[in-house]
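Make a model of the complete structure from these sequences and hints.
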Amino acid sequence: MKNIKHYFISGCLLFLAGCGKPPRNLYSDQDDPGLSRLTYYGYNIATNYINGVAYVNPYNDPNYYGFGGGNANPSLIKYLGKGATDTLALSWPIEENTQSPVSSAYINLLLIVPKNFTASNFVALSGQRFTNNTNDISVSSNYYFYNSNFYDSTALVGTSNIYFIDIQERTDSAISMTGLFNGIVGNDTITNGRFDFYIPKALIRF
Amino acid sequence: MIKLLTVLGCFVLFSLSVSAQSYVSLSTGISRDVSNNAVPFYAIPVTIQWKPFRKYLNGLFFETDYDIPIAGYSTGTAYTLNPSLPASVTLKEKITPSVFTQFMGVTLGWYIDASKRNSFFINPLVGICDQSFSVKYENYDNKNYEVLNPDVNLEKTSLVCAIEIGYKFHNDFIAMFHAQSGMLATKGSYPLSYEFISPLQLNFGYTFNYNKQAKSRKRHEKY
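Line by line, the protein sequences are chains G and Z.
Counting from 1, position 131 in the first sequence corresponds to residue 131 in my numbering; the numbering is continuous, with no gaps.
Counting from 1, position 59 in the second sequence corresponds to residue 59 in my numbering; the numbering is continuous, with no gaps.
Since the hints were derived computationally from the structure, they do not count as laboratory data.
Incorrect hints may have been included.
[Said to hold, decoys possible] Straight-line Cα separation of at most 30 Å, DSS-like style, residue types lysine-lysine; simulated pairs:
#1 G/K82 - G/K21
#2 Z/K187 - G/K21
#3 Z/K156 - G/K21
#4 Z/K92 - Z/K143
#5 Z/K94 - Z/K143
#6 G/K115 - G/K82
As structure tokens, this is what we get:
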């Protein structure tokens, strides 16, 4: 009898835990296996190939992360530069899109911006395509990219193309954006990248 | 209340006499979807009804509906990083829906002109409906472009109900309106630009009677 009560309570707790679980929102693109569709629904999902292997931002189990659970958030941070410009970094963690990913890293899309660059200036980039490998990209083992202020000895730096298809500032000062990217980092080729982000205000630092 | 019961009683009494024979009917016409207002789907319905029982007290019949699809068109926008190509293109999106339903229903009707056996009927039905949607973006260069918020194929099966209101004339010809509910099934969590189809059909057809009861034949001979 005691066991039955135990099972019942455990079952209820599991049910309640499952009820509030944020969705993964990884909807497969039938043309690009392992990648998500290009969406603009604020799913906080980003996928790309690195040398043909599919990568995705990880899912944080809400049972461990609580309210931070769900798809790992990206950040949008302006890093101070020594010269006349700063570096804007759109960063998010990645892991192989497999059942049991073994390693994780960060992708940082880097834009050189003027010192007075604001969130409104960023929103104004909506619809702009930066091609011909004019931007930087880095793949690093920690959150920080390679530059003169933050040095990650394991970071690989390369060039990238970015297309901000749509960027909008929300009423809660969050920024939603969708876009495409690719790049070359060392010997690694990043292809078919796409992101659909909803970045809360706390993770936007200008 | 008594009047209402009297009317209902008369209705049932007449309806039983109309359905007192077995038949197979075949009808077709035009179907318009009422769920998708932006891109309404049209189809050519083919309906086969079979009423196997000839007893007066059994108006049960079976119906098979298949809507021969007519594709609907919408648009989608695709984007590319390739600097040698236009940043975005508008694509023509072709959505081909297919609706197959197996119904079971009861026919209720009464004679308008008994001499010509013209009758009015109402058929409430319940059934299992299978709807599938095939989505294709025409001239889509999927190597270079990515469609934003793309629609995808979908197939679901669900319970539905329907009502048919019709008129049987010149002995065995029928004209019939068929209105069908939406599906109980959900489309899933991924947003699609189209909804499940709720067909509104106007059908014309012919009824092949067989296994008529003696009483019915006698009446026919009398006229």
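Inset, instruction - Take a quick look at whether G/K82 and G/K21 sit within 30 Å of each other, Cα to Cα. - result: violated (43 Å)
Legend entry - 30 Å Cα cutoff - pair Z/K94, Z/K143: holds (19 Å)
Legend entry - Given pair status - Z/K143, Z/K92, alpha carbons within 30 Å: holds (17 Å)
Inset, instruction - With a cut-off of 30 Å on the C-alpha distance, tell me whether Z/K156 and G/K21 pass. - result: holds (25 Å)
Inset, instruction - Take the C-alpha atoms of Z/K187 and G/K21, compute the straight-line distance between them, and say whether it is at most 30 Å. - result: holds (20 Å)
Inset, instruction - With a cut-off of 30 Å on the C-alpha distance, tell me whether G/K115 and G/K82 pass. - result: holds (10 Å)
Violated hint for the displayed structure: number 1, the only one.
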